[in-house]
Amino acid sequence: MSYFFRKMNQKEAEEIAYNWNYKGVYSFYDLEADEEDLVEFLDEKKRGNRTYSVFEGESLVGFFSWTYKNEAANISLGLRPDHTGQGEGLRFLESCLEFLDSPAVTLDVALFNGRAIRVYEKAGFREVYRFNQETNGDSYIFVHMEKTAEKSIRRSYPLGSNDRLGDGSTFPTD
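Once you know that position 76 of the sequence shown is 76 in UniProt numbering, the rest is easy, because the numbers rise by one and skip nothing.
Note that these hints are calculated values from the structure, not bench results. Predicted, not measured: the structure shown is a model, and the values here were computed from it. Take the hints with a grain of salt, since some may be wrong.
Claimed, not checked - Mimicking DSS-like on lysine-lysine, the simulated pairs with C-alpha atoms at most 30 Å apart in a straight line are:
| id | residue 1 | residue 2 |
| --- | --- | --- |
| 1 | Lys-7 | Lys-45 |
| 2 | Lys-11 | Lys-46 |
| 3 | Lys-46 | Lys-7 |
| 4 | Lys-46 | Lys-23 |
| 5 | Lys-122 | Lys-23 |
| 6 | Lys-23 | Lys-7 |
With the hints as constraints, model all of the structure from the sequences given.
Listed below in structure tokens is the structure:
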């Protein structure tokens with residue numbers, strides 16, 4: 001079965017935020033685990049036109065969003081908890097990338113999430129660097145990964161910068 005993408009509405013955002021609870025170490029991804037993430041996810045204006053609910057048939061099974069930074073789309077995605085660890089990750093990611101249709105894509109993933117990192121690598125992403133980020137009341141190591149047909153994406157920020165998302169408005173036009 002294929003996935004269907006629809007701009008996320010408030011009801012779907014609340015369903016994901018309050019009812020998607022992951023088990024074990026993956027509870028890190030519960031939106032309620034970080035107040036700042038929760039507030040941003042529930043704010044329709046902050047979600048903008050680049051946050052989508054992903055359906056399989058009539059069932060909400062995931063979400064997908066992106067912003068633009070340095071000629072690349074920086075993506076964020078999630079599968080409903082009962083769909084994780086079932087071998088669906090690669091198909092879900094590839095569907096998201098096809099929907100996005102961007103020549104250069106980046107993402108940030110917690111280092112402890114080896115399951116997701118393996119999926120990203122199978123899809124052609126490669127690790128660029130690691131960085132520390134304060135979130136969920138602690139400091140975590142994240143892996144910045146990219147997938148592009150060209151060489152490494154040009155960077156205009158220092159490697160120590162935590163500004164990885166940009167304002168999401170448009171591709172740079174320089």
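Okay, the hints, checked on the actual structure:
For a cut-off of 30 Å, the pair hint linking Lys-7 to Lys-45 stands: about 12 Å separates their Cα positions. Using a Cα cut-off of 30 Å, the hinted pair Lys-11 and Lys-46 holds, with the two alpha carbons roughly 15 Å apart. About 13 Å separates the Cα atoms of Lys-46 and Lys-7, which keeps this hinted pair within 30 Å; it holds. Between the alpha carbons of Lys-46 and Lys-23 the distance comes to roughly 27 Å, so the proposed pair stays at or under 30 Å and holds.
Annotation: proposed proximity of Lys-122 to Lys-23 holds, straight-line Cα distance about 24 Å (limit 30 Å). For the given pair, Lys-23 sits about 27 Å from Lys-7 by alpha-carbon distance, which is consistent with the 30 Å threshold.
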